[in-house]
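Colleague: Sequence:
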Amino acid sequence: MNGVVIAVITMLALSLLRVNVVFALLVGALVGGLTSGMSINETIEAFSSGVGNGAEVALSYALLGAFAVAISKTGLPEVLVQFLLKIVAKKGDRTGKALSKAVIVLFVLIMSIFSQNLIPIHIAFIPILIPPLLKILNELQVDRRLIASVLTFGLTAPYILLPVGFGRIFHDILATNMAESGMEVDVTQIPLAMLLPTLGLVVGLIFAIFVSYRKHRRYETIHSEELSVESYSKISVIFSIVAIIVALVVQLQFDSMIFGAFAGMLVLYASGTIRLSEADELLTSGMKMMAFIGFVMITAFGFASVLKASGEVESLVNGAANLIGGNQSIAALLMLIVGLLVTMGIGSSFSTIPIITTIFVPLAIELGFSPMATIALVGTAAALGDAGSPASDSTLGPTSGLNVDGQHNHIWDTCVPTFLHYNVPLIIFGWLAAILL
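All the letters of the sequence shown, read from the start, carry residue numbers 59 to 495 under my numbering.
Just so you know, the hints here were simulated from the structure itself, not pulled from any lab data. Please note that a few of the clues may not be correct.
Below 16 Å or equal to it, Euclidean Cα-Cα: the simulated EDC-like pairs (lysine to aspartate or glutamate) are [what the hints assert, rightly or not]:
{"#": "1", "residue 1": "Lys273", "residue 2": "Glu197"}
{"#": "2", "residue 1": "Lys366", "residue 2": "Glu103"}
{"#": "3", "residue 1": "Lys346", "residue 2": "Asp463"}
{"#": "4", "residue 1": "Lys273", "residue 2": "Asp201"}
{"#": "5", "residue 1": "Lys155", "residue 2": "Glu103"}
Kindly produce the complete structure, drawing on both the sequences and the hints.
Modeller: Below, the structure is given as structure tokens:
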């Protein structure tokens, strides 16, 4: 069996058995490398070289966690929670609670969508916005799997469809790599080609909201020392808003989450909102809150490095090509499944595009797929797995916010729900796009 397939299946199987994701990635990388014919030294060397590339990401998340804890101390999240609580008509009023739930879900959806396009901060808003909302979510007995599904939709659908923010980066990478592989496409064609696959994500979101997670689910409201605030003033709230704006501007200006979070914390320190003597405590609390996502991302970089070094991705695609036999319907389905396997392992649709286009595009040309159909195939194949992958920041981000009190499992409460609600319809609608376009 192909080494990439074995590595991904091993990693997913261990994760589903509730083995720690970091350990699952380590074992998956080792098994994948050895079954691909690499020696244990070559496997470890490839893994180690990849791990180094994840250091910046880990530090970014650590400082982001510290900034989130600092913001929580200013009282801004408490103000937000109190505002949302006022929306509830009366205690026990089902209409008021239903309205509150709808407002929260809509607010979270809008924020997650904006984080990709209008205000491209990606998952940076989650540890600031979500933990303070857990109290009201618990009171309304909202299933956190629903919030995870809403967040993941907002983190993936916008960049697939809209050519702004992270969407512009995704579309440019897609067009550039397709051109280098032998098919020139106009970047303005991509939104139209990806419209049907994105519709699949919308269907999944609607199903999650109105069918899968519409029922109540009870959670215990647990006091969190890191996210508690005894008292606050209007001035502290104002400076927290200024700090968020400064952090956003610095991040966008210098393309650095590290210095964005650092600049935001400097504003809080300089204004006296947070005392310098609390710096060590805040950093420690923030690192604790974001340590899981940081270590998973570091390990995922090593896992991806082993997959690339093995050369088994090309072998996987070539093996799928041998099964096609000139049939476009089978070809489209197999190409999408290959994309799913690669992205589930790597955890990034952006990194998957350069890997699959070099083989997918020539294969699509040979089989007679139109440029629009090829865009839909490659774009969907790359996006598959971003939702549902244990190593994707589109799932790690939601978990980091929803599991602050230890009541939200990364695999069973984020990865499995988002995989079922988004990857399944994405395969169906991506396949239809490839056949119809």
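Colleague: Regarding the pair Lys155 and Glu103, is the alpha-carbon distance no greater than 16 Å?
Modeller: violated (55 Å)
Colleague: Starting from Lys366, check that the Cα of Glu103 is at most 16 Å away, please.
Modeller: holds (13 Å)
Colleague: Quick one, are Lys273 and Asp201 close enough, alpha carbons at most 16 Å?
Modeller: Distance of about 7 Å is within 16 Å: holds.
Colleague: For the pair supplied as a hint, Lys273 and Glu197, confirm whether the alpha-carbon distance does not exceed 16 Å.
Modeller: Holds: Lys273 and Glu197 sit about 14 Å apart, inside 16 Å.
Colleague: Hey, Lys346 versus Asp463, does the alpha-carbon distance stay inside 16 Å?
Modeller: holds (12 Å)
The structure is inconsistent with hint 5 alone, although it conforms to all the rest.
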